[in-house]
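Visitor: Chains B and V supply the protein sequences, listed in that same order.
Residue 1 is where the first sequence starts when you use my numbering, and the numbers rise one by one after that.
Residue 1001 is where the second sequence starts when you use my numbering, and the numbers rise one by one after that.
Source of the hints: derived by calculation from the structure; they are not laboratory data.
One or more of the hints may lead you astray.
Residues on chain B that point at chain V, a partial pick, calculated with CB under 7 Å [what the hints assert, rightly or not]:
#1 A61
#2 G62
#3 S63
#4 D66
#5 P70
#6 L170
#7 Q175
#8 G178
#9 P191
Calculated lysine-lysine pairs in the DSS-like style (CA-CA distance at most 30 Å, straight line) [stated by the list, open to error]:
#10 V:K1296 with V:K1404
#11 B:K187 with V:K1373
#12 V:K1133 with B:K187
#13 V:K1133 with V:K1170
#14 B:K187 with V:K1105
#15 V:K1404 with V:K1122
#16 B:K105 with V:K1297
Remember, predicted model here, so these are calculated numbers, not experimental data.
Even for Gly, the Cβ is constructed at its ideal location relative to N, Cα and C.
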Amino acid sequence: MRTLTTRAKVAWAVITVVVLVWALLPVVSIIATSFKLPSQLNLGTFWPKTWTTTNYEQIFAGSAKDLFLPALRNSIGISLIATFVAVVLATLAAYAIARLDFRGKKLILTTALGVSIFPVISIVTPLFNLWRNIGLYDTWLGLIIPYLSLTLPISIWTLAAFFRQIPWELEQAAQVDGATSWQAFRKAIVPLAAPGVFTTALIAFFIAWNDFVYGISLTSTSAARPVPAALAFFTGASQFEEPTGAISAAAVVVTIPVVILVLLFQRQIVSGLTQGAVKG
Amino acid sequence: MAAITLKDIVKRYGDGYLAVKGVSLDIADGEFVILVGPSGCGKSTLLRMIVGLEDITSGELKIGDQVVNDKAPRERHLAMVFQNYALYPHLTVYENIAFPLRLTKGQFTDDEIREKVEFAAKTLELQDHLDRKPANLSGGQRQRVAMGRAIVRDANAFLFDEPLSNLDAKLRGQMRTEIARMQRRLGTTTVYVTHDQTEAMTLGDRVAVLRKGELQQVASPRGLYEQPVNLFVAGFIGSPPMNFLPGEVSGDTLSLPFADVPLSDDLRSRIGSRDIVIVGLRPEHFADTSLLEDGKKDAGVTFDAEVDVTEWLGSDLYAYVPFETSSEVAGTLEELDRDLDGEGMRTQLVVALDSESRIRDGDTATLWFDPAKLMVFDPESGENLTFDADRAREIDERNEADRKASLERAQEREKRTQRSA
């Protein structure tokens, strides 16, 4: 590679800074806001004048506790279950799609694609009526099912692409070596597919975790309401106080799992494990 | 260890394509058999049917004296080395070799597994690499790991699917002798698929030549070389390949593009009423007349030829002599060329001369050949008219005796080294 000239270096530095500011400023802003006193929200300063944890106390122990804590529990539970079910189903489906030739394979893939591009808002009203009639309204299951419709298609597509990269010979070699089909899948394919499954699980989790439309439309109480929807119901200490601080604090709290997950699975996501399976 | 018997094996794919058209083959216990042929001749399909990765459409496959048509690969107890090795990338070399043993739950203790893996690693000189992952190994090392996985368990037979085609030429030669040595020592029945006729000739006790899903001939390498049944086998075996010339029969002489050859009575009767035949002459059966002893010269046919290009290889000198083929046999020869994965290039005579020869590009050389070595083929069916069944049987019988003797010697040597160790 040719070395960059000083001018090019400066240009790249400027671009990098602009992008960083563009991407991170809102995050920093929300973190800063979450540490402001409710009375100082309108001072117009970027950083808090006095740093305080009032907002965090409010959502975890104070007046917003009953709104936020159940919502957090709902979010975590619903997202985890939806992710788990989606990944298990998608792994099996994608394996079949990548390995077997069966009628309707194309149909499944196109349907999956169609479902995933369907606008959520157009489904939510009929779903609302249906859920109320069959008693799924305001339940965990009532949210898990629509979340699966969002997470399954993308999981199937990513995993199918991933399985196709794994050489079929590995499985055949395992079978010749004395493995049953299931053993071949578990011992030769699953370890190689792990990075792909992690990535898919992460994506699926974020989709469920970040959803707002279903969350607000299909719930009415803290029985199933997830955090993004619950934020809309925050109120200030009095009607003259805005709940901005508490909302910011809650937003920071729900961002943390995402950041942790990315940091945790970063190494698994970076694949490269399949190298050396076949001639390199 | 076991014999493998194929009886009228047919493979028809779902789309109706007939890949293997009724192959019957008896592979004796401890024998090294090569399946060879140009790409698309069904050799790999046949191997995959033996191992159980491909269903058998019809026919009967026996391993030992058990019909295994409907058995899963794992129930056939065969070991296979794949073309791309198919090593498990997430496992170390040690675990890769131990993999088949680990699958036989409870049959081996950890110590036994360790002992077996270390023995295989020692055989293949992999001791220093046991803790490495396949990604960090060279091509030859990966190849050896794949072989280690095959020899670590006492499989009924070894199956190789073009195992050397991913290696460079030098390594290929080394691994080739390594495989031969290993097979002799273990005495395990081996089926080996290749498209490379050098591998076929050097490794096999017997070689099965396939063309478009049909078995052409099964014989010892020497049998194939000296007594091919037809044009295809003759053209496939030998390097550089056999020269095919149009031959016009008139009375007792056979006219080739370069020379007239007197026909012996035997040959005359074999040709029968055919006016035109295809004549096959191996490059190594030619000689430079100026280097011949006088007595020999008169026994053969000499002719002058315009040499186009020469290639000096140290041990040999290849000379190329272009010629016009006759239109009556051009069709058959073109088809043959296509079947042999050829490029349909110009028709030329290749002669392999002594490297002392002074013949150079553009010379008019006087060349010599022994008409007794020439083969005559039917231009329509490609059948070898000079095929001598008795002679072919004799060659194969001697080859079989040689094989048994060398197998015994190898086992004897193995026992001796084990005793002294």
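Visitor: Take the hints in turn and mark each one as holding or not.
Guide: Outcome of the hint check:
Because the closest C-beta pair between A61 of chain B and chain V is about 47 Å apart, greater than 7 Å, the hint is violated. A cut of 7 Å between beta carbons decides the hint on G62 of chain B: the least distance to chain V is about 50 Å, and the hint is violated. Hint status for S63 of chain B relative to chain V: violated, with the closest Cβ pair at about 52 Å, above 7 Å. Taking 7 Å as the C-beta cut-off, the interface hint given for D66 of chain B is violated, the closest approach to chain V being about 48 Å.
A cut of 7 Å between beta carbons decides the hint on P70 of chain B: the least distance to chain V is about 42 Å, and the hint is violated. For the restraint placing L170 of chain B at the interface with chain V, the shortest Cβ-Cβ distance is roughly 5 Å, inside the 7 Å limit, so the hint holds. The interface hint given for Q175 of chain B is met, as the beta carbon of that residue sits about 4 Å from the closest beta carbon of chain V, less than 7 Å. Given the 7 Å rule on beta carbons, the hint for G178 of chain B holds: about 4 Å separates it from the nearest Cβ of chain V.
Using the Cβ-Cβ criterion of 7 Å, the hint placing P191 of chain B at the interface with chain V is satisfied: the shortest such distance is roughly 4 Å. Distance check on the hinted pair: K1296 of chain V and K1404 of chain V sit about 37 Å apart at the alpha-carbon level, beyond 30 Å; violated. Proximity of K187 of chain B to K1373 of chain V is assessed by CA-CA distance (about 58 Å); at most 30 Å being required, the pair is judged violated. Taking the CA atoms of K1133 of chain V and K187 of chain B, the gap is about 16 Å. The hint holds against a cut of 30 Å.
Straight-line distance between C-alpha atoms of K1133 of chain V and K1170 of chain V comes to about 24 Å, which keeps the hinted pair within the 30 Å bound. A hinted pair counts as satisfied when its Cα atoms are at most 30 Å apart, and K187 of chain B with K1105 of chain V qualifies at roughly 14 Å. A distance of roughly 26 Å separates the Cα atoms of K1404 of chain V and K1122 of chain V; the hinted pair therefore holds under the 30 Å criterion. A C-alpha spacing of about 72 Å is found between K105 of chain B and K1297 of chain V, which places the hinted pair above 30 Å, so the restraint is violated.
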